[in-house]
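Using the sequences and the hints, build the whole thing.
Protein chains in written order, with the working numbering: chain D, 108 to 592; chain U, 1182 to 1659.
Among the clues, some could well be false.
[Claimed, not checked] Straight-line alpha carbon distances no greater than 27 Å define the calculated DSS-like cross-link-like pairs of lysine-lysine that follow: (1) D:K199 x D:K259; (2) D:K476 x D:K249; (3) D:K401 x U:K1329; (4) D:K199 x D:K133; (5) U:K1269 x D:K476; (6) U:K1533 x U:K1269; (7) U:K1269 x U:K1615; (8) D:K199 x D:K559; (9) D:K259 x D:K133; (10) D:K199 x D:K249; (11) U:K1275 x D:K559; (12) U:K1619 x U:K1275; (13) U:K1329 x D:K476; (14) D:K476 x U:K1275; (15) U:K1461 x U:K1527.
[As the list claims (entries may be wrong)] Listed below are several chain D residues computed to face chain U (Cβ distance under 10 Å; list not exhaustive): (16) L315; (17) V525; (18) A531.
[What the hints assert, rightly or not] DEER-style ranges, computed between Cβ atoms: (19) U:K1615 x D:S483: 54 to 60 Å; (20) D:S469 x U:R1273: 31 to 37 Å; (21) D:S462 x U:R1273: 33 to 39 Å; (22) U:N1526 x D:D515: 40 to 46 Å; (23) U:I1641 x D:V480: 47 to 53 Å; (24) D:N156 x U:R1273: 50 to 56 Å; (25) U:P1371 x D:S469: 51 to 57 Å; (26) D:R547 x U:R1273: 50 to 56 Å; (27) D:N156 x U:A1372: 49 to 55 Å; (28) U:P1371 x D:L431: 21 to 27 Å; (29) U:R1273 x D:F273: 58 to 64 Å; (30) U:A1320 x D:L570: 31 to 37 Å; (31) U:R1273 x D:T578: 33 to 39 Å.
Hints listed in this document are in silico derivations from the structure and should not be mistaken for laboratory results. Keep in mind it's a predicted model, so treat the numbers as computed, not measured. Virtual Cβ for every residue (Gly too), placed ideally from N, Cα, C.
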Amino acid sequence: MDLFMPEIIILITALLVIITDLFLTKSKRHLAYLSLLGLGAAAVATVLNWDSPPELAFGGMWALDGYASFFRILFISLSGLVIMASVDYVNKFRRFQGEYYALVLLALLGMIMMASTTNLITMYLSLELAGLAFYVLVGFLKDQHSSESALKYLLLGGVASAMLVFGLVLIYGFSGETNLGSILNYIQTLPSGMDITAHTGFILGIILTITGLGFKVAAVPFQFWAPDVYQGSPTPITLYLSIASKAAGFALFLRLFYTVFTDPLALSQEWALIVAVLATAGMTLGNVLAIPQKNIKRMLGYSSIAHAGYILVALAAVGNSPELADGRISLLFYLVAFAVSDLVAFVSIIAISRSTGSDEISSYEGLAKTNPVYASALTLALLSLTGFPPLAGFLAKYYIFSAAVQADLLWLMIVAAVNTVISAVFYFNVIRVMWLRQPREEVRVLASWPLKLALGISGLAVLIFGIIPETLLNLIEKATELIIH
Amino acid sequence: MALWPRLSGRAIKITSLLLTLVPLVLSIAVFAGFDRSSSMAGVVQFEENLPWISLLNANYHLGVDGLSLPFLILTTLLGVLAVLISWKVELRVKEYFVWLLILQTSITGVFVSLDLLLFFIFWELELIPMYFLISIWGAGRKEYSALKYVLYTLFGGAFILAGILILFFATGSLDIASLASLDLNNFLRPALMVLTFFMFFIGFAIKLPAFPFHTWLPDAHTDAPTAASVILAGTLLKMGGYAMLRLNVAMFPDVCRDWAPLILTIAVINVIYGAAITLKQTDIKRLIAYSSVSHMGFVLLGIFTLGEISMNGAVLQMFSHGIITGLLFAITGVVMHNTHERDINKMGGLAKQMPRTAIIFILAGLGAMAVPATSGFIAEVSVFLGSFQSSVVPGGQVFTMICLLGLVLAAAYILWTVQRVFLGPGLDKFQMVKDADKTEIVFSVVFLLVMFGVGLYPQIIVDVIQTGVAPLAALFGG
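Right under this line is the structure:
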């Protein structure tokens, strides 16, 4: 039971936050501190059973392995940073601050479960838990934009869930099992005359599953919700969606597809091809459409579609040669690198737009003169997202490219590399506006200490993961070895 | 190599000067301590190797050999001079020098790194400071030029990266020295060899720049601040030539030989087309920029005729071009700063008001025309002699003959420019123009000393180059 300590702590914290909210009348900021405290405890609990041997719990429904632990720590840290970044922003809404933090924690619970589930049913449950929390969070501002986003997200999310369930049902119908291990077993013990790739229902199931998960990670062509939702949601939630929700989607994606659908290599390469096509579409469309954007949140929305494309490159590499560890390691490393870079970008944006009152790129004119610290942080983040050395973004891209080349996907690597050049156009546009224009008015950006701390931590992480990534890479390597099914 | 400045509000310029002097002194020490004996040919000296990312088999591997040492000296020397040249910068001084120093760090890094990943990191790192230097302190269409520069180089970088990855997975090594000692034929299929070769070549050709990838250069040069132009012409372009020798020639000798005629054709176009366009320019900085294109054609010619003397000449040409064109840009900067004019047609008779500037410009021009006693003469003579002699590439002589035309054209555009800018009747509007001041004289004299020093006693640096080039030439039986 103590293996589930982190989850239990998070759940209790979420409930505590709601209850405390009833009694707190003045400083709602304590709710954030309470949440952080809970997260700290959950992190400690995770670290404590870090080295416990991997095992399956509840009749094979949950895996408690290095992979799950890695994502626990990742999501807990990201949620902590998001909460720190929310402190300033949340003052905007007078009411429901308790609910806000509780929902963030519940979404976290869902995402952690997504990374550790090994059963089709719990997979769907955890996905919905995270999804429902996000539907509410997206609409939290309750203005026109925000409500529209929430409705859009809810409807399209519902469609995607339906597709996913349909896909999972087909897989279940084919194998008669819901536990991933048993499905794998079934596929492996098929009579030798039976060609699994010719089984239409099963392949359709895989395709529908990819569709449903593709929605979660905002892969083209299932990305239509992303820019609108990104623009309309509260900025910390945009951040949360783009770093954590996406990472959870990929965590699930990788576990399901790597553990179950890689055994006949023909099957693996079949979905790898689909993923590679999605990756190409995602990178190209995301980067090209980001160029004309005038709103910075919207631009980062398109950029995150493009980054999902890069991560799909790693996934395609996993599918094409599942025996190589590089694909998996590069995928996880990219998730981390992208998360910290995006964090720096969004945290700066939260601080800046609270003072300027606008998310338009034109309102960033001359920011380097008036607020050099925030402008430098945002520049650092944008350079890392472009993939400039010596930042985390560069090494992550390099690693994914190298995994692609190694998995015989040279064409995909070249597509990705050319896309990097395209992406420089819009990232540099923001940098140009900040550094080369004259400020229109003198604006001082003020921020609370939790936000500054979040900015400092993530900024440092961008540098550290770019220059001395050895420790993180070793952790990831361990995590990817331990996948069990 | 740690150049990160401790910025002390008022003394930024002096701090920067000191900070650039340190690596110069260090590199001169390296230069003095470099073992020039022929037994050391191709051996890397002053090596430093630390494991960095073991999962990627990447190391923090630095060192110099005969090939990189001249560039190291050039870079550190120009670093000091660039700070002197920037003495008059008044806009956002702190940022300016921070970027300048980061730029220096990255260029130095390119020349001394012996690990492909590290090499690539420095190669790309250099973009960011250059972008800001051009776009903030530049002139004219500076933002357009800066972005064009970044996009071109990133595009080239994508190809280089692909090349690096192919090599890495074929051999499992990122170490430049050990890759060069392997016979890649055992690892790569012939078609893949050619593909990898051209991935590198395109990436480096963009930097050099070679036709038809040269169009970023005039824009970037024209709009860059003086010091950035000096570094751009002096050392950044050399990264392309250096990398061609280091990777293309050293690792793919067979492909080099097979495809040399194509590349030599590009070289000829570079020389002739670059020179012809130079003649047409009316913007004085643009003019010098195009002359760089022409001069880089000589470098390509020297490298890809694949003879020992010609490659020696190519390296020497890069070194000397760095000095001469650096000086030309620097002194042009003085002219532009003092006259507020950059259109050649609107200048004239400046020698009356600025006699010292005129003399310096003319001396540098002599170098660019490769008049004997300047380093340009030695360099170009060895390129031409070497290329003509080299029997590695059939038809090398023909290419050499055509390129000789470039010399005549160079004389034409330099002399014509001198005539239009400095000679002729004085113009009233320049009555009050001041001559170069002390700082400007100081850096010009340093440039000139090096230029004539190498011109009169080339052995001082040729020895070193020799040890780097000899093993390359040996690949072609030269």
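Going down the list of hints, with the structure as the test:
1. D:K199 x D:K259: Status holds; Cα separation ~23 Å.
2. D:K476 x D:K249: Roughly 35 Å between the alpha carbons, so the hint for D:K476 and D:K249 is violated.
3. D:K401 x U:K1329: 21 Å, holds
4. D:K199 x D:K133: Between D:K199 and D:K133 the Cα gap is close to 15 Å, so the pair holds against 27 Å.
5. U:K1269 x D:K476: 21 Å, holds
6. U:K1533 x U:K1269: 23 Å, holds
7. U:K1269 x U:K1615: 14 Å, holds
8. D:K199 x D:K559: This hinted pair holds, its Cα atoms lying about 18 Å apart.
9. D:K259 x D:K133: 34 Å, violated
10. D:K199 x D:K249: Cα-Cα ~11 Å, so holds.
11. U:K1275 x D:K559: Roughly 24 Å between the alpha carbons, so the hint for U:K1275 and D:K559 holds.
12. U:K1619 x U:K1275: Answer holds: U:K1619 to U:K1275 is near 23 Å, not above 27 Å.
13. U:K1329 x D:K476: Given pair U:K1329, D:K476 holds - Cα atoms ~24 Å apart, limit 27 Å.
14. D:K476 x U:K1275: Distance ~12 Å between D:K476 and U:K1275 Cα, so the pair holds.
15. U:K1461 x U:K1527: Distance of about 15 Å is within 27 Å: holds.
16. L315: 34 Å, violated
17. V525: Result: holds, 6 Å to nearest chain U Cβ.
18. A531: 6 Å, holds
19. U:K1615 x D:S483: 54 to 60 Å: 38 Å, violated
20. D:S469 x U:R1273: 31 to 37 Å: The hinted range 31 to 37 Å is violated for D:S469 and U:R1273, with Cβ atoms some 22 Å apart.
21. D:S462 x U:R1273: 33 to 39 Å: At roughly 22 Å between Cβ atoms, U:R1273 and D:S462 fall outside 33 to 39 Å, so the hint is violated.
22. U:N1526 x D:D515: 40 to 46 Å: Between U:N1526 and D:D515, where Cβ atoms are some 58 Å apart, the hint is violated.
23. U:I1641 x D:V480: 47 to 53 Å: 48 Å, holds
24. D:N156 x U:R1273: 50 to 56 Å: Holds: the Cβ-Cβ distance is about 53 Å, inside 50 to 56 Å.
25. U:P1371 x D:S469: 51 to 57 Å: 54 Å, holds
26. D:R547 x U:R1273: 50 to 56 Å: Given about 18 Å between the Cβ atoms, the range is violated.
27. D:N156 x U:A1372: 49 to 55 Å: Since D:N156 and U:A1372 have Cβ atoms about 53 Å apart, the given range 49 to 55 Å holds.
28. U:P1371 x D:L431: 21 to 27 Å: 26 Å, holds
29. U:R1273 x D:F273: 58 to 64 Å: 59 Å, holds
30. U:A1320 x D:L570: 31 to 37 Å: Taking Cβ atoms as reference, U:A1320 and D:L570 lie about 33 Å apart, which means the hint holds.
31. U:R1273 x D:T578: 33 to 39 Å: About 37 Å separates the Cβ atoms of U:R1273 and D:T578, which means 33 to 39 Å holds.
This entry does not satisfy hints 2, 9, 16, 19, 20, 21, 22 and 26, going by the numbered hints stated previously.
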